[in-house]
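Make the full structure from the sequences, and use the hints.
Order-wise, the sequence lines are chains R and D. Here the first sequence stands for residues 0 to 259, numbered as in numbering that gives the first Met the number 0. Here the second sequence stands for residues 0 to 259, numbered as in numbering that gives the first Met the number 0.
To be clear, the hints were calculated from the coordinates, so they are not data collected in a lab. Remember, predicted model here, so these are calculated numbers, not experimental data. Some clues are possibly wrong.
Any copy, or any two copies together, can satisfy a pair, since identical chains are not distinguished.
Here are the computed lysine-lysine pairs in the DSBU-like style, where the Cα-Cα straight-line distance is at most 30 Å [to be verified]: (1) K74 / K1; (2) K107 / K180; (3) K187 / K204; (4) K138 / K191; (5) K180 / K204; (6) K55 / K195.
There are 2 protein chains.
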Amino acid sequence: MKINVHFTNHHFDDMYFTGKTSVAIDVLRATTVIVTALVNGAREVIPVNSVDFAMKISGNTFGGQTILGGERNTKMIEGFTLGNSPLEYTPEIVAGKSVVLYTTNGSKAIVKAKFSEIQYICCFNNLPAIANHLCLLNKDVEINCAGTNGNFNMEDAICAGRLINEMMNFDNTIEISDEGKASLNLNKSFGKNILKMLRNSEHGKLLIENGFADDLKICSGYGISNLIPYYVSGSIKKYDAEIVNNINNETKISEDAEEK
Amino acid sequence: MKINVHFTNHHFDDMYFTGKTSVAIDVLRATTVIVTALVNGAREVIPVNSVDFAMKISGNTFGGQTILGGERNTKMIEGFTLGNSPLEYTPEIVAGKSVVLYTTNGSKAIVKAKFSEIQYICCFNNLPAIANHLCLLNKDVEINCAGTNGNFNMEDAICAGRLINEMMNFDNTIEISDEGKASLNLNKSFGKNILKMLRNSEHGKLLIENGFADDLKICSGYGISNLIPYYVSGSIKKYDAEIVNNINNETKISEDAEEK
Numbered sequence: 000m001k002i003n004v005h006f007t008n009h010h011f012d013d014m015y016f017t018g019k020t021s022v023a024i025d026v027l028r029a030t031t032v033i034v035t036a037l038v039n040g041a042r043e044v045i046p047v048n049s050v051d052f053a054m055k056i057s058g059n060t061f062g063g064q065t066i067l068g069g070e071r072n073t074k075m076i077e078g079f080t081l082g083n084s085p086l087e088y089t090p091e092i093v094a095g096k097s098v099v100l101y102t103t104n105g106s107k108a109i110v111k112a113k114f115s116e117i118q119y120i121c122c123f124n125n126l127p128a129i130a131n132h133l134c135l136l137n138k139d140v141e142i143n144c145a146g147t148n149g150n151f152n153m154e155d156a157i158c159a160g161r162l163i164n165e166m167m168n169f170d171n172t173i174e175i176s177d178e179g180k181a182s183l184n185l186n187k188s189f190g191k192n193i194l195k196m197l198r199n200s201e202h203g204k205l206l207i208e209n210g211f212a213d214d215l216k217i218c219s220g221y222g223i224s225n226l227i228p229y230y231v232s233g234s235i236k237k238y239d240a241e242i243v244n245n246i247n248n249e250t251k252i253s254e255d256a257e258e259k
Numbered sequence: 000m001k002i003n004v005h006f007t008n009h010h011f012d013d014m015y016f017t018g019k020t021s022v023a024i025d026v027l028r029a030t031t032v033i034v035t036a037l038v039n040g041a042r043e044v045i046p047v048n049s050v051d052f053a054m055k056i057s058g059n060t061f062g063g064q065t066i067l068g069g070e071r072n073t074k075m076i077e078g079f080t081l082g083n084s085p086l087e088y089t090p091e092i093v094a095g096k097s098v099v100l101y102t103t104n105g106s107k108a109i110v111k112a113k114f115s116e117i118q119y120i121c122c123f124n125n126l127p128a129i130a131n132h133l134c135l136l137n138k139d140v141e142i143n144c145a146g147t148n149g150n151f152n153m154e155d156a157i158c159a160g161r162l163i164n165e166m167m168n169f170d171n172t173i174e175i176s177d178e179g180k181a182s183l184n185l186n187k188s189f190g191k192n193i194l195k196m197l198r199n200s201e202h203g204k205l206l207i208e209n210g211f212a213d214d215l216k217i218c219s220g221y222g223i224s225n226l227i228p229y230y231v232s233g234s235i236k237k238y239d240a241e242i243v244n245n246i247n248n249e250t251k252i253s254e255d256a257e258e259k
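Written out as structure tokens, the structure is:
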């Protein structure tokens, strides 16, 4: 099994992730929000890469069950019901709903990898579950860090490093790219106390300045959920072994058909 | 003084570096080639971001004194006189010449930062001299790693980390971005034996496969030159205090004029 890490993804065209197994990471805060929303009963999360598209698919498109969430430069967007704090995604608000999510980096990173065979959503909250699942899956993995405006960010790189570290506890034959080795090293140096690391990060400091200090506590919770959210056909749902097997079988069937 | 590092630069528009002090790094091999060419007497190096443009400005444009060098995906380009191995840039071949350089990552990274107030060219060969010079200059610095096709690469990040480390020996009050902290950490973990690090890097392995193992020895030479190459108005020359002071004065004058 080979693991590749990408600190950023702005330079990829939409085809880069085609057919690959990918993992999206945006610790502060999109992937933590997605895990929280699904844990609290959201039917699905629909990540989008523009506010216009978020507006377009909201409202009655899904029978009035959609709710708009997200941020632009950490701030709430006019016309949206929710911001990008996981604390807002309570069961009372999101249960049974389709959450349409637009964020500056995270939702765009997920949409960028939309042609992945399957894309998982990871944050510290569900990292051990994702690591375990990927090892059982035993396929090459592309870890897609959202980064910040096309730049590296510390928290996503460290989360990627921790994910690889956990996977190596299951399987020590894993091959790792240079970017993966760098992630592992950063996790070893800075990842021991996740909350402290988030508070010291540039993005973490900005969130604290903007009144979101409590979000960092939620985002630092390690392995507090076993949820495995996956993105396929435009929406993120809780992992369901049966559905995913069907997707994989369909891919297999279409590959077989091509061979014939 | 603040130091910012960029592992990649594909996501920047041409204006990002405007008016800033920047340092280009492409250890394997463009910035090592540039330092070598200037040490060996090249009049200047003209980095370009397309093969077409290299062809256009070659030949008689500069009175027959140009020579085309570079590579595409580590291979020599048809119609070019030199590849991208520093070993080719001997005094016999480059002395007195304007070298037009096109490379997959390095020359493009330099052109990307073309609107810097001043841009320095750094590799391990001249790193201590650059560190010393930047500390005397005492301005905020943007370190622009070429990376590989828009991705992070290990050797440029470690070179950036070493540069920051050397600068901190002069000035321990320097402020460093998260990307700078990551570089410092990677240098500490992997930068002790530069040649070994280059041989273990993905790019280094590719060069060895393609017959350029000796290049890694040249590229790992630490502080073997005091040359300070700087890019301004489309060409890279050896640093000359008088010229650079004139440039800075002109900038100062135009800023004063704007204020009035």
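These are the hints, each one checked on the structure:
In the homo-oligomer, the alpha carbons of K74 and K1 lie at most 30 Å apart only across protomers (27 Å), although the nearest pairing inside one protomer, at 38 Å, exceeds that limit. With identical chains, the CA atoms of K107 and K180 are at most 30 Å apart both within one copy (25 Å) and between copies (26 Å). Proximity of K187 to K204 under the C-alpha cut-off of 30 Å is found in both arrangements, the shortest distances being 21 Å within a copy and 25 Å between copies. In this homomeric assembly, K138 and K191 come within 30 Å of each other (Cα to Cα) only inside a single copy, at 28 Å, whereas the closest approach across copies is 34 Å.
With identical chains, the CA atoms of K180 and K204 are at most 30 Å apart both within one copy (26 Å) and between copies (15 Å). Taking the shortest alpha-carbon separations for K55 and K195, neither the intra-copy value of 39 Å nor the inter-copy value of 54 Å comes in at or below 30 Å.
Consistency with the previously given hints fails for number 6 only.
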